[in-house]
Amino acid sequence: MVRLEKRPQPSRAFSWATPILAVIATMIFGGLLFAALGKDPVASIQTIFWEPLFGDFAFYYRPQLLIKGAPLVLIAIGLSLGFKAGIWNIGAEGQYIMGAIFGAAAGLAFYPTQSVFIFPLMVVAGAFGGWIWAMIPAVLKVRFGTNEILVSLMLVYVAEQFLASMSLGLLKNPEGFGFPGSRNLQQYASAHNGELIAGSGMHWGVAAALIAVIFAYVLLTRHRLGFAIRVTGQAPKAARFSGVNPTRLVLFCMGVSGLLAGLAGLFEVAGPAGQITIDFNVGYGFTAIIVAFLGRLHPIGILLAGGLLALTYIGGDIAQSQLGLPAAAIQVFQGMLLFFLLAFDLFTQFRLRFGQAEVI
Amino acid sequence: MKLSTLLTSAALALGVAGGAYADAHEKTKVGFVFVGPVGDGGWTYEHNQGRLAVEKEFGDAVETVFVESVAEGPDSERVMTQMALDGADLIFTTSFGYMDPTINIAAKFPDVKFEHATGYKRADNVSTYSARFYEGRAIQGHIAGKMTKSNIIGYIGSFPIPEVIRGINSAYIHAKKVNPDVEFKIVWAYTWFDPAKEADAAKVLIEQGADVILQHTDSTAPQAAAQEAGNVITFGQASDMAQYAPSPRVSSIIDNWAPYYIARTKAVMDGTWESKDTWDGIGAGMVSIGEISDAVPADVKEEALALKASIADGSYHPFTGPLKKQDGSDFLAEGETADDGTLAGMNFYVEGIKGDIPK
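Just so you know, the protein sequences line up as chains A and B, in that order. If you count by the numbering used here, then the first sequence holds residues 234 to 593, one letter each, in order. If you count by the numbering used here, then the second sequence holds residues 1441 to 1799, one letter each, in order.
Worth flagging that the hints you see were computed from the coordinates, not collected in a lab. Any given hint could turn out to be false.
Stated by the list, open to error - Computed footprint of chain A on chain B; a stretch qualifies when at least three of its residues, placed anywhere within it, have a C-beta under 8 Å from a C-beta of chain A: (1) 1499-1511; (2) 1590-1598; (3) 1714-1722.
As the list claims (entries may be wrong) - Reference listing, derived: stretches of chain A covered by chain B, where coverage requires no fewer than 3 residues with Cβ under 8 Å from a Cβ of chain B: (4) 306-318; (5) 344-350; (6) 518-531.
Claimed, not checked - Label pairs and their in silico Cβ distance ranges: (7) B:A1547 x A:L556: 37 to 47 Å; (8) B:G1479 x A:L556: 10 to 20 Å; (9) B:K1467 x A:D273: 13 to 23 Å; (10) B:A1636 x A:G516: 16 to 26 Å; (11) B:T1712 x A:D273: 33 to 43 Å; (12) B:G1768 x A:L556: 54 to 64 Å.
Note that beta-carbon positions come from the ideal geometry of N, C-alpha and C, so glycine has one too.
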């Protein structure tokens, strides 16, 4: 008989090994899935993981990893602070949208004036947009005790409607022949979040993501607030006794995660995406939740996890085109990653015991 | 310093490699970028049928590749670049939202031809193409006007953009022509494909008395809702949706991209491809009218087919005056037809339609 026994202490070794085991298991079972679809499993896995990094056109795909990974990391870093403290902001997608709308609107308000002050103003507006959208569930939680998971999630759909309205109305390109979508910020020099070094993929969003990683690392390991976050997550009562103010912690964690999601939206709309359109959001806010957990809620881990997920997206698209793998199979493959992560996570807290349970 | 030098040379190589690889193979390689899954049963499904038709037509002389469910924006730029790097000669980008990305990537790969569906931006190596769906809407409007008993026709709009507004106007004009008492109720779903929302919209319209549902969204959910309600008819959109025939689905507008895709691939193979704007309708076969089922009386069917024939041979234009705009101002004088520019940017209802276009 096999049974699970709770470990007296969570296993540190397993905590670190889990993501690696999850990736290996995903490769094995993903390979089986691809084989079942009649595709060469080794070639498929190789295309997904190897091609973007070391293939013939790696010079193009490597910068794309930064472009795809930056918003994921930036959002996930913000979410991880709250998640560590047991504050669940599930609505980063909405905050990402609002950041993009506020930021783009701030820039477009000055069109066609050129000024060095426009982009910084857009950054502030984008951060504010994300922050204020996250403040709604935060304030409702601390004031009326509402559930932040539900409120923040529902506000995603509100933000999506708002996005559609903006694309069709207020922010619609006046020279767009009545079609939805704003002016393209890539063609408005003062508002364009372009590459810092040509061909590198480095834009201000990538820089911001790296800064956020360092900021979060220092906060969590060196700052009193980071201590408060960790204690609240592990032992809420102890946290109260040690003088942590739960209200302020909720406002801080929700605020920072909203702010970073808003920044991610702004950098995306001003750079790689260029436009506010009805379908501007592509799920970064939700995928970032996976990234946060895949990265063990640790800043460095999140950086690696963001890179890994970006890799599966880019490699997945290459595999679709080169090998004819259906998009759904790639999505299952990505889903497996989270599934195996959670499955192996069990062994951090529990261990397998074989044989009869001892009578106590 | 070293890193930046490396990256700059890589960036230069991008242009060079694209050119070199484009000629390093014999088969003509055609790429398709799809916004939805190929199994959506509507928009993307029909584009994929076009792709399969190209494969069938040219056999071993072509190789087609596709990526489905590609988000508009940077993801689509990456997928297009990847296809170009992998040696595609011709790339079809099949959603309006791919417009700026297509133009961006086309500038980086001057030797690769691009075809963008439903947009208005062209370049030396970017053509645009779209279908005159409003021609099909005229036939739907005619059948709808004849068939309705409650004189209330429901219309599920996707987004209030010229394409959709044109369809509403065309259907209304022709419904009104055969039934002066007809009234249109329009619900905006703000989606192209969302079965749950479309079903809700259909139910709301049926509750308000509509016994004909027209839709500019791609799922079969309105058909299912109509079947449940009974005595409500619908029309297939983008695809035939024949599984709901003979009723509630009494006819359909089908996007038929195959002739265009074959012609353009041929042009690339022959070296005769050039940038142009194509806007074809029933006449050229880009818009097909699905079988009108037996649920429609024979005389109505005959009239509808006559209307179709007159549109196909060009003797009748669905937007022919006298027509007024909703606010009562003049739109088209007696015998005048709408020019393509007006149609492309149509942002007003014709006289008689109630309600405002959402802003």
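Do the hints match the structure? See the list:
no., hint, result
1, 1499-1511, "holds (count 7)"
2, 1590-1598, "violated (count 0)"
3, 1714-1722, "violated (count 0)"
4, 306-318, "violated (count 0)"
5, 344-350, "violated (count 0)"
6, 518-531, "violated (count 0)"
7, B:A1547 x A:L556: 37 to 47 Å, "violated (29 Å)"
8, B:G1479 x A:L556: 10 to 20 Å, "holds (18 Å)"
9, B:K1467 x A:D273: 13 to 23 Å, "holds (21 Å)"
10, B:A1636 x A:G516: 16 to 26 Å, "holds (18 Å)"
11, B:T1712 x A:D273: 33 to 43 Å, "holds (38 Å)"
12, B:G1768 x A:L556: 54 to 64 Å, "holds (59 Å)"
Checked against the numbered hints above, the structure breaks hints 2, 3, 4, 5, 6, 7 and satisfies the rest.
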